[in-house]
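One letter stands for each residue in the lines below.
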Amino acid sequence: MSVSLPLAIEATGLTKFYGGVRVLDGVDLTVPAGSVFALLGPNGAGKTTMVRMLATLLRPDAGTARVAGFDIVRDRHRVRRSISLTGQDVAVDELQTGRENLQMVGRLAGLSRAQSRLRADQLLERFDLADAGRRRTSTYSGGMRRRLDLAAGLVGRPAVIFLDEPTTGLDPRSRQDMWQVITELVRTGVSVLLTTQYLEEADALADTIAVINGGTIVALGAPAALKKQVADQRLELIMVDQAAFSRVRSELGARVLTAEEAKSTVSVATDGSSGHVRRLLDDIDPTWQLVGHFAVHEATLDDVFLALTGRPASIAGETKEPSHV
Amino acid sequence: MSDLIVADRLPETVSGPNIFAAAASMVGRSVRLSRRNIEVLLVSLMLPVILMLMFVYLFGGAIETGTAYVSYVVPGVLVLCAGFGSASTAISVSQDMHNGIMDRFRSMDVSGAAVLSGHVVASVIRNAASTVLVFGIAFLIGFRSDADLMGWIAAAGVLLMFILAISWLAALVGVLARSPEAANGFTFFLMFLPYASSAFVPIDTMPTWLQGFSAHQPVTPVIESVRGLLTGTPVGNAPWLAIAWCAGILLVSVVLSAVAFRRRTS
Chain P
0 MSVSLPLAIE ATGLTKFYGG VRVLDGVDLT VPAGSVFALL GPNGAGKTTM VRMLATLLRP
60 DAGTARVAGF DIVRDRHRVR RSISLTGQDV AVDELQTGRE NLQMVGRLAG LSRAQSRLRA
120 DQLLERFDLA DAGRRRTSTY SGGMRRRLDL AAGLVGRPAV IFLDEPTTGL DPRSRQDMWQ
180 VITELVRTGV SVLLTTQYLE EADALADTIA VINGGTIVAL GAPAALKKQV ADQRLELIMV
240 DQAAFSRVRS ELGARVLTAE EAKSTVSVAT DGSSGHVRRL LDDIDPTWQL VGHFAVHEAT
300 LDDVFLALTG RPASIAGETK EPSHV
Chain R
0 MSDLIVADRL PETVSGPNIF AAAASMVGRS VRLSRRNIEV LLVSLMLPVI LMLMFVYLFG
60 GAIETGTAYV SYVVPGVLVL CAGFGSASTA ISVSQDMHNG IMDRFRSMDV SGAAVLSGHV
120 VASVIRNAAS TVLVFGIAFL IGFRSDADLM GWIAAAGVLL MFILAISWLA ALVGVLARSP
180 EAANGFTFFL MFLPYASSAF VPIDTMPTWL QGFSAHQPVT PVIESVRGLL TGTPVGNAPW
240 LAIAWCAGIL LVSVVLSAVA FRRRTS
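Quick mapping for you: the protein sequence lines, in order, are chains P and R. Going by numbering that gives the first Met the number 0, the residue at position 133 of the first sequence is 132; the numbering climbs one at a time, nothing skipped. Going by numbering that gives the first Met the number 0, the residue at position 237 of the second sequence is 236; the numbering climbs one at a time, nothing skipped.
No wet-lab data here; the hints were simulated from the structure. All residues carry an ideal CB built from backbone N, CA and C; glycine is no exception. Keep in mind that the hints are not guaranteed to be accurate.
To be verified - Examples of chain R residues toward chain P, derived with CB under 8 Å:
1. S24
2. V26
3. R28
4. D108
5. I140
6. R143
Just need the whole structure built from these sequences, with the hints factored in.
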């Protein structure tokens with residue numbers, strides 16, 4: 000190919016240790032300019048470490064990376080002028096108003112006083128905070144704070160945006176708002192690397208998903224391709240009794256995604272359509288005597304891990320990543 | 000939307016943060032935050048006044064200093080309160096160190112020097128305001144000074160120097176502390192120093208084993224020179240000693256806080 004696409008992020012063999020524990024183990028990834036890349040994984044998978052390293056806040060113990068064309072160690076000052084980081088913790092001052100927070104960030108980004116004021120106005124308007132701009136952020140709801148935090152990240156017009164779990168802890172409504180904001184952001188041509196614990200979120204936002212677990216990438220691909228490997232949804236069957244449970248579980252064998260003996264429940268993959276669910280029920284329980292109830296669930300991160308690695312995701316908090324150092 | 004966030008890059012000249020602009024906006028932030036933190040504001044403004052009234056009216060009658068006790072005790076109250084005030088500086092620095100906002104500042108290439116100098120300048124302003132308030136009330140309750148303008152300027156200089164040194168020391172403690180609560184423990188240390196000096200009682204009334212420490216610790220020359228300059232009595236080399244101590248503390252604090260900041264944030 001004669002034309003090479005510019006890369007927003009290009010990482011090779013990134014490795015990080017914390018007190019002898021290998022938190023990241025030789026991670027490679029490439030993010031083409033103008034695309035959204037999602038790092039999907041449970042707590043302690045190494046997502047935050049990865050983001051903090053790419054945002055120049057942590058030095059890699061091994062490996063190299065370029066962000067917006069600059070080396071994250073040698074050229075970290077130039078990287079910093081091209082990126083913004085919106086972390087898991089909201090990084091705004093509670094005792095300042097929304098407007099004051101944005102103006103402060105504008106001044107720090109090198110804008111003049113007048114430019115900062117203009118930029119703050121634009122962003123408050125854009126993020127639906129125009130009325131709240133004069134209030135201290137201690138009075139904001141969780142969703143408003145996240146929006147302000149994201150707005151603060153955009154003041155300096157970054158080319159590459161890092162979003163570390165942008166919707167964790169938000170209610171469903173605020174999460175939808177956030178998704179819409181991120182989608183619109185991407186349409187303007189910036190590149191985004193986001194981390195999430197929600198398959199649904201990665202699916203909704205990302206062009207490419209990397210599933211990360213225990214410090215390594217265990218699967219990589221477009222959402223559709225990944226979902227083909229993973230059950231998109233699962234059919235949960237609650238059996239009438241223990242005998243039915245044991246019988247169905249042994250008959251289904253490898254098709255069982257999850258089994259819970261205490262609740263006499265097994266689950267299998269489905270696409271969620273009524274035709275498929277009907278056929279599965281007929282197939283598993285042709286005499287209508289074994290299955291008591293059923294439910295269809297969206298695949299969760301746990302299902303993805305189970306499908307990709309054959310074992311559940313590492314227990315949350317087992318290798319805790321420090322969010323600040 | 001598109002005209003807002005599109006990568007229409009800013010001109011190169013404005014995209015590089017300039018250390019002075021960054022420090023100025025950090026100062027603005029810290030001043031605004033301390034103005035709005037009512038508890039800190041009350042402590043830093045009211046406490047010195049209350050302490051002075053307490054010393055003058057509760058203990059003053061029993062302490063023999065050879066002058067009106069209010070004139071004797073004002074420098075000590077000011078130094079004691081500089082210690083209090085800087086404890087709140089240590090706490091705010093520590094809060095910043097353990098908050099997501101530090102990640103934002105660092106990912107924007109804002110230097111540690113800018114962040115810390117914002118806190119230090121706000122601390123100096125808080126202390127200077129409470130100093131003016133203390134002097135105002137001291138005059139109302141009988142403080143009298145024989146100092147000329149030069150004496151006042153020199154006393155203000157020594158006090159300011161001390162406040163600056165203690166504030167930067169507090170910033171260092173804030174960077175080093177594992178938590179804001181730990182940073183708060185700093186208060187006790189700084190609170191103790193003025194008591195074991197000539198701040199409230201003459202040193203020659205102390206037990207001999209304490210006199211050696213009291214006469215040679217940094218707070219004593221600061222108090223001696225401010226008191227001497229304001230009462231117009233000879234100060235000897237106390238101001239030079241005070242300035243040397245403050246410059247030393249300041250230098251060590253600035254250097255160590257820069258090193259510690261880098262360590263703590265990488």
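Hint validity - S24 of chain R Cβ closer than 8 Å to any chain P Cβ: With a closest approach of 4 Å, the S24 of chain R hint holds.
Restraint check, 8 Å cut-off on beta carbons, for D108 of chain R near chain P: holds, 4 Å
I140 of chain R as chain P interface residue, shortest Cβ-Cβ below 8 Å: Because about 34 Å separates I140 of chain R from the closest Cβ in chain P, which is outside the 8 Å limit, the hint is violated.
Chain P contact restraint on V26 of chain R - CB to CB distance below 8 Å: violated, 11 Å
Agreement of hint R143 of chain R with chain P interface, Cβ distance less than 8 Å: With a closest approach of 40 Å, the R143 of chain R hint is violated.
Hinted contact R28 of chain R with chain P - closest CB pair below 8 Å: holds, 6 Å
Hint violations for this structure: numbers 2, 5, 6, all remaining hints satisfied.
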